[in-house]
Structures are given as C-alpha cells and as structure tokens.
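Sequences listed follow chains A and B, in order. All the letters of the first sequence, read from the start, carry residue numbers 1 to 360 under full-length UniProt numbering. All the letters of the second sequence, read from the start, carry residue numbers 1 to 360 under full-length UniProt numbering.
One or more of the hints may lead you astray.
Since copy identity is lost for identical chains, a pair holds within one copy or between any two.
List of simulated lysine to aspartate or glutamate pairs, EDC-like, C-alpha gap at most 20 Å [to be verified]:
#1 Lys151 to Asp86
#2 Lys299 to Asp23
#3 Lys151 to Glu94
#4 Lys330 to Asp211
#5 Lys294 to Glu344
#6 Lys96 to Glu236
#7 Lys330 to Asp71
#8 Lys294 to Glu94
#9 Lys151 to Glu58
#10 Lys96 to Glu220
#11 Lys96 to Glu344
Derived by calculation from the structure, the hints in this document are not laboratory data.
Protein chains: 2
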Amino acid sequence: MRNVRVELDHAPYDIRIGRALLDNVAAIVEQLPQQRVAIVSNETVAPLYLQPLQVLFEAAGVQVHTIVLPDGERFKTWETLNLIFDGLLSARCERKTTLIALGGGVIGDMTGFAAAVYQRGVPFIQIPTTLLAQVDSSVGGKTAINHPLGKNMIGAFYQPRLVLADLATLDTLPAREFSAGMAEVIKYGLIDDLAFFEWLEAHIDAVMSRDVDALGYVVERCCQNKARIVAADERENGQRALLNLGHTFGHAIEAGLGYGAWLHGEAVAAGMVLAALASRELGQINDAELARIKALIAKAGLPVESPALGAERYLDLMAQDKKVDAGRIKFILLEKLGQSYIGELQTETIRAALKAGCAA
Amino acid sequence: MRNVRVELDHAPYDIRIGRALLDNVAAIVEQLPQQRVAIVSNETVAPLYLQPLQVLFEAAGVQVHTIVLPDGERFKTWETLNLIFDGLLSARCERKTTLIALGGGVIGDMTGFAAAVYQRGVPFIQIPTTLLAQVDSSVGGKTAINHPLGKNMIGAFYQPRLVLADLATLDTLPAREFSAGMAEVIKYGLIDDLAFFEWLEAHIDAVMSRDVDALGYVVERCCQNKARIVAADERENGQRALLNLGHTFGHAIEAGLGYGAWLHGEAVAAGMVLAALASRELGQINDAELARIKALIAKAGLPVESPALGAERYLDLMAQDKKVDAGRIKFILLEKLGQSYIGELQTETIRAALKAGCAA
Ligand SMILES: NC(=O)c1ccc[n+]([C@@H]2O[C@H](COP(=O)([O-])OP(=O)(O)OC[C@H]3O[C@@H](n4cnc5c(N)ncnc54)[C@H](O)[C@@H]3O)[C@@H](O)[C@H]2O)c1
Ligand SMILES: NC(=O)c1ccc[n+]([C@@H]2O[C@H](COP(=O)([O-])OP(=O)(O)OC[C@H]3O[C@@H](n4cnc5c(N)ncnc54)[C@H](O)[C@@H]3O)[C@@H](O)[C@H]2O)c1
Ligand SMILES: [Zn+2]
Ligand SMILES: [Zn+2]
Numbered sequence: 001m002r003n004v005r006v007e008l009d010h011a012p013y014d015i016r017i018g019r020a021l022l023d024n025v026a027a028i029v030e031q032l033p034q035q036r037v038a039i040v041s042n043e044t045v046a047p048l049y050l051q052p053l054q055v056l057f058e059a060a061g062v063q064v065h066t067i068v069l070p071d072g073e074r075f076k077t078w079e080t081l082n083l084i085f086d087g088l089l090s091a092r093c094e095r096k097t098t099l100i101a102l103g104g105g106v107i108g109d110m111t112g113f114a115a116a117v118y119q120r121g122v123p124f125i126q127i128p129t130t131l132l133a134q135v136d137s138s139v140g141g142k143t144a145i146n147h148p149l150g151k152n153m154i155g156a157f158y159q160p161r162l163v164l165a166d167l168a169t170l171d172t173l174p175a176r177e178f179s180a181g182m183a184e185v186i187k188y189g190l191i192d193d194l195a196f197f198e199w200l201e202a203h204i205d206a207v208m209s210r211d212v213d214a215l216g217y218v219v220e221r222c223c224q225n226k227a228r229i230v231a232a233d234e235r236e237n238g239q240r241a242l243l244n245l246g247h248t249f250g251h252a253i254e255a256g257l258g259y260g261a262w263l264h265g266e267a268v269a270a271g272m273v274l275a276a277l278a279s280r281e282l283g284q285i286n287d288a289e290l291a292r293i294k295a296l297i298a299k300a301g302l303p304v305e306s307p308a309l310g311a312e313r314y315l316d317l318m319a320q321d322k323k324v325d326a327g328r329i330k331f332i333l334l335e336k337l338g339q340s341y342i343g344e345l346q347t348e349t350i351r352a353a354l355k356a357g358c359a360a
Numbered sequence: 001m002r003n004v005r006v007e008l009d010h011a012p013y014d015i016r017i018g019r020a021l022l023d024n025v026a027a028i029v030e031q032l033p034q035q036r037v038a039i040v041s042n043e044t045v046a047p048l049y050l051q052p053l054q055v056l057f058e059a060a061g062v063q064v065h066t067i068v069l070p071d072g073e074r075f076k077t078w079e080t081l082n083l084i085f086d087g088l089l090s091a092r093c094e095r096k097t098t099l100i101a102l103g104g105g106v107i108g109d110m111t112g113f114a115a116a117v118y119q120r121g122v123p124f125i126q127i128p129t130t131l132l133a134q135v136d137s138s139v140g141g142k143t144a145i146n147h148p149l150g151k152n153m154i155g156a157f158y159q160p161r162l163v164l165a166d167l168a169t170l171d172t173l174p175a176r177e178f179s180a181g182m183a184e185v186i187k188y189g190l191i192d193d194l195a196f197f198e199w200l201e202a203h204i205d206a207v208m209s210r211d212v213d214a215l216g217y218v219v220e221r222c223c224q225n226k227a228r229i230v231a232a233d234e235r236e237n238g239q240r241a242l243l244n245l246g247h248t249f250g251h252a253i254e255a256g257l258g259y260g261a262w263l264h265g266e267a268v269a270a271g272m273v274l275a276a277l278a279s280r281e282l283g284q285i286n287d288a289e290l291a292r293i294k295a296l297i298a299k300a301g302l303p304v305e306s307p308a309l310g311a312e313r314y315l316d317l318m319a320q321d322k323k324v325d326a327g328r329i330k331f332i333l334l335e336k337l338g339q340s341y342i343g344e345l346q347t348e349t350i351r352a353a354l355k356a357g358c359a360a
C-alpha cells in the first residue's frame, strides 16, 4: 500500500492508495468520532461498491445511512445537495456523524460541501472511484456545487480526515472517464514535474491499459504533487493556482458547450493545448515541445482541438471565471516544458492561441 | 465611540459601537481589499439606511452593488440565499469584493453564509441594525440558513472583518423587536455575569426607553461577554454552548409554533424561564431568584410563559435540535443565579419544568 501525507497546518491527513482497500474498513473506522456514518454515492457507483462497504461497516459495529443521488455533473446543484441534507436530517444525523463520499469528483465535491455546511461542519472521508477523483478532486479540500451562472461558484475549503483511493474501483471505469482523468495526470507533468511528463511519455501504453503498478505510481505521484502544492497554499492565494493549468480555457469550453457536453478532463486537455499555444506565441516553448504535449494528450484519448465557439464568446466566458482579479484574467502558462507560472495574456495572444487551437 | 476587540487566532476583528457610525464610512473603506462592495439588505431596512450609505461609499470611490431581499425569518432559506448569488454573479463580483450585511440577524446570518461560500469565501462586514444583531448574532461568526427540517441547519463559521453597531439605527426598531433583543441581553447576565444582571435590574427603565448611554453600555458589555466566550471556543466544542441558554427550549417553541409565530428572542425568553424552572427543580436556584429572573424578563416586554405544545411534542422537537450528542440532549442550566453550566436533564425534570412553565 502506498501512502501520501497531506501536511496542512490544522488538519494533516493521509491518502491511502492500493488495491482492495475497501476490503479493510479498519482504517476508516479508527477515524470515526462516532460509530455512525452517512455514505453518499450515486446510482452508477452504488450498485458496484456501496453494498459490500455497508456490510463491512455494519460488521464493524458502525451504523450506516446511505444516500444515493442521481448521476451526473448536471446534478451538481443545490437541489441535489438538498437531498443530502434531507437524508441527514431525516436520519437525525448529528455533528459527529461522518460523511463519506463514494464516487467520482461530482459526489466528492457535493458531499464535501455538504459536510462543510451541515450543522456548520461534520467529519468527512473521501473514497474516490474515478481516476480524476483519485489524482485530483479528492485531494486539497476544494468542495463546491454549480450555479446556473457559473461552475463551482458556491463552495468551501474543507479537508477530509482520510482519503482511500482503491485502484480496484478503476476496473469498472468507462474508457472515456479514464481518459478524462488522464488530463489532470498530464497536467502535473506540465506544471512543474518534467521527469513525470517524460515518464508518462515512456509508459503511456501501460497506463492506458491500466497496468496496476503503473496506475499505483501515477496516483501516488499525482497526489504527492498536489499535496505539496496545496500544503504550500491551502487557500489558493498564490502558487496553488498553477493547478488551474488549462482550466481557464477549459471552463470556457465547458460553459460554452453547455455543462456535460464535454467531460471536465476533456475540456482541460484542450485547454492545456490552448495554454501551450499561447506559451508558444510568447516564444516560451517551441514547435517540437508543443507537438510532444499534443501527442501525449492524444495518446491518452483526449481532444487536442477546442470547439469553435468564436473568440468573442471565449473571451466573454473567461471574464466570468473565478480566476479574475480586478477584471484581469489570470492564465497559467508554460515558462518552458514542465514548468508553469501564473501570468496574464494580451487579448491578441489569446486570439492567436484560439485561432491555432480551435476547430475550423 | 466604544470598541470591542474579538481575539480570534486567525482573524481578530473590531466591533465599533456608537451613534451615527454610518456617517463615517472610512472605517469600512480601510478594510476593503478592492474598492468594491455588495451591500445586502432587506425591504424594510434598505429604505431607511441603504441609500445614504451607498452615497457615502460612492463619494469615497467605492463601487457599490445592492441586493435587497424580502424581509422575514421565513425567507432565511436557500431560495433567498440564491438571490444573493444571482446578484453577485450577474454583477460579476470577484473574490475580493466585500459583502456587507445591513440589517438584523436574518440578513447577517444569510449574508455571512453567502460570504463564506461564494467562490469559497469572500471578505465580509456586518452592520447590524437590530438590538439582537448588535448584541448577539453579528458577533462570533456563526452564519446559517434554515432547512424545512430544522432551523440554522446549514451554515458555516465565518468571521467578519469588522462589525459596525450604529446605535442610531435602533431608533426605528419596533418595540417588539427591541424586546426580542433584550432576551439575549438578559441571557449574558444569567450565563456568568451577575453584576450585569443586577445592573439590568437597576436600569431596565432607562434601557427600555432606549437611553443612549444605557444602550451603548448594554451593547458594549454584551459584545465583551460574547467575544470572550467565543474567543475561548470558536467552534463550539465546549463553553461556547453556554450561549445557548434558553435556546434548546426556545428552538422547540419556535419550531412547534411554526417559525415566525414567536420571535426568536421571545422564544428564548420563555426558554430561559424553562431552564430556570428546571434549575429550581434541581434545587440550584430558589423561588426568589426565579421570581427575579421572571420579573426582569417581563419588564423587558417578553413572555415568561411558554406555549402549551404538550410535553411529548417538546421532547420530540428537542431531540431534533443540533445540540444533541449521541442521542443525549444538552441543556444550559443555572448552577446559581448568574452562573450557568452545560448539563443534562432527566425526562421527569423536563416534564416538571414544562408543567410549571407552560400556559395551561
Ligand atoms: N475539488 C476539486 O479540487 C476538483 C478538481 C477537479 C475536478 N473537480 C470536479 O470533479 C468533477 C468531475 O469528476 P469526475 O471526472 O470524477 O466525474 P463524475 O463524478 O461525474 O464521474 C464520472 C462518471 O463515472 C462514474 N463512475 C464513478 N466511479 C466509477 C467506477 N468506479 N466505475 C464505473 N463508473 C464510475 C460516475 O457515476 C460518472 O458517471 C467535476 O464536477 C469537477 O468540477 C473537482
Ligand atoms: N449568528 C448568530 O450567532 C445568531 C445569534 C442569534 C440569532 N441569530 C439569528 O438572528 C435572526 C434574528 O435576528 P433579528 O432578531 O435581528 O431578526 P430580523 O433580522 O428578522 O430583524 C427583525 C425585524 O426588524 C427589521 N429591522 C431590522 N433593523 C431595523 C431597523 N433599524 N429599523 C426598523 N426595522 C428594522 C427587520 O427587517 C425585521 O423585520 C434569527 O434568524 C436567528 O437565528 C443568529
Ligand atoms: Zn480539473
Ligand atoms: Zn439566540
């Protein structure tokens, strides 16, 4: 079993990575302040993993409430969140009842936000079951729901007490979802881990065939990277923003196409290509490096071309993004291959990147 | 001008108390990270105080967005909260835009919660305009909205950067609302400030006639008491629960009658009498002391008798309260006059208190 420690001032916690972790609930049980949990999952994941988990908890003397939500990013709303509150209140769950998220990033983000605000905060544990959730969303304490006027606009910073990444759950993950997670994996290489980027170039076939050793290494390395960045800047006042590489463009793609048309990871993949194109415009990476980035993204089964929304629409959507300060949009750009920084872009540079990166 | 400092580890802040503070916005402007604020108020308070405030801000070069909500506890819901998010997102408010609550506890609690979760947290300033909000709800960082299954069930601990208690705003406060605030005032005397309880007995007429010196002293003393208790226990793991004196019974009254029938302070007043009756049952205060408590509450224009909901209904409602741990209800009781503690009650003691304290 691999273990990554997230060193936060007030609430350090462990990410455990391995196969069949769910067969051993002891690690969770020892974290519970009360022998009572509420497991939140969705209609896809619950049939696969909820019942065995529930049986194990009950055998360990833990009372289990289950809350099964509809599946999909379009349900990452207040209305669905309220189903969690309804469930918790109907079962009279108290301040010491632990909320457990069993699912991908949508379940993790919603359950984490519910845990942050139910009775002003209850204990929280993550069991991420998608690659994206294991390498990204379950680490770092960002939680949120969407608002009709913007994605992840309502949320909280709220840390879990434990993250259990069971690689065995990835066996059932659809290929498209696996690829979406790979966008965030490749992101870590581009942010500041050239060695990992090159490891990925060399091992992309093993990773895509879900070789267990390759996967364990990928999840561990990504969690280490994210944990390091988050520990240095829990509240996103500075360097944490590097994790948004590809995301300013990516969010514009998601919003512009309507949430759900492209997966988050697909939009981030195309967004990273746009960020790379802008960096090339600035002369910071060359054509060969750009080609390597695009090749790795393509081998991961992800789009390298952005949808043709029109430059004006992109600019408008990006101006609404959260990463805006005094009207100026921040972009994460490549200083060189495998090293990124927080910067700004002239409108003409953005236009040039969009022209080169969007479908005709 | 009086000043009370709230000493919290991460975010100490000042409560400024005086008349016509609103005429001086400089104290606010110097706290703003960006020359942009969104003022949240309601349909009653906005016509009285919003426009002059807006004019002063604009004269100081601050861009002002205003969000005016419907008035009432029954609007302390997700739907109304969403109106704040709609307003902030339509105006494209950013992470550094400061939210200002201008109103009573309902506006303060909702705006504070909105500030806690909008884009995962934006700066927040309170301008409480009811006595209750000035002595209680604006101090300590508790924010919340109601859920159909329980009051204040969804919320966050989120501290303001500044609280401006302008005593002049109390001039327009209806008598019933002023009395409701007095319930929380008297509460501080009973929690652990016998000297203040006796000061109130001696000066209740001046306070009820809203004598400016008496009022300034009351608000300052209450804020000092609350700030001390909150600083010692920000997250309500221990002694902060003393602030709930009268509230376990009070919340049952509010829920049992339907929110809005009785004001929060009225329910707390009757609830404090029930707590006092239970304490007398336990032999911890005597009949004369009970009579003094009831007399002060009555002189403040508040009910000393609780509604006849029936003991079973009270017990059931209290079992749903947040202050429940592993199924056991916590009560704040009087160890003696002017000194309270966190305890539990036998069901028969609760029944006896209800029998003595409820209308026939
Ligand atoms: N909090 C953060 O820091 C952070 C970071 C990145 C993304 N996110 C959020 O995460 C969300 C995306 O997460 P996601 O990609 O995991 O999407 P998701 O949660 O929607 O999961 C993708 C799909 O896979 C299904 N699924 C999950 N686990 C499965 C399994 N083991 N087997 C079979 N099917 C399974 C889900 O039911 C869903 O249909 C977005 O809402 C995004 O905003 C949050
Ligand atoms: N956060 C906390 O720690 C805390 C503590 C106690 C109470 N509360 C909450 O506070 C709320 C009660 O607050 P409240 O008693 O201030 O109620 P409120 O906010 O509803 O205000 C009472 C009434 O007075 C009006 N009003 C406000 N200021 C006025 C003014 N200057 N002139 C004329 N009218 C004015 C309001 O519009 C409203 O109609 C409850 O929701 C309660 O849960 C919170
Ligand atoms: Zn992402
Ligand atoms: Zn109160």
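How the hints compare with the structure:
no.	hint	in the structure
1	Lys151 to Asp86	between (23 Å within a copy, 13 Å between copies)
2	Lys299 to Asp23	neither (33 Å within a copy, 64 Å between copies)
3	Lys151 to Glu94	between (30 Å within a copy, 14 Å between copies)
4	Lys330 to Asp211	neither (37 Å within a copy, 53 Å between copies)
5	Lys294 to Glu344	neither (23 Å within a copy, 65 Å between copies)
6	Lys96 to Glu236	between (28 Å within a copy, 13 Å between copies)
7	Lys330 to Asp71	neither (32 Å within a copy, 39 Å between copies)
8	Lys294 to Glu94	neither (49 Å within a copy, 33 Å between copies)
9	Lys151 to Glu58	neither (37 Å within a copy, 31 Å between copies)
10	Lys96 to Glu220	neither (30 Å within a copy, 35 Å between copies)
11	Lys96 to Glu344	between (45 Å within a copy, 18 Å between copies)
Going down the numbered hints, you'll see the structure goes against 2, 4, 5, 7, 8, 9 and 10, while the others check out.
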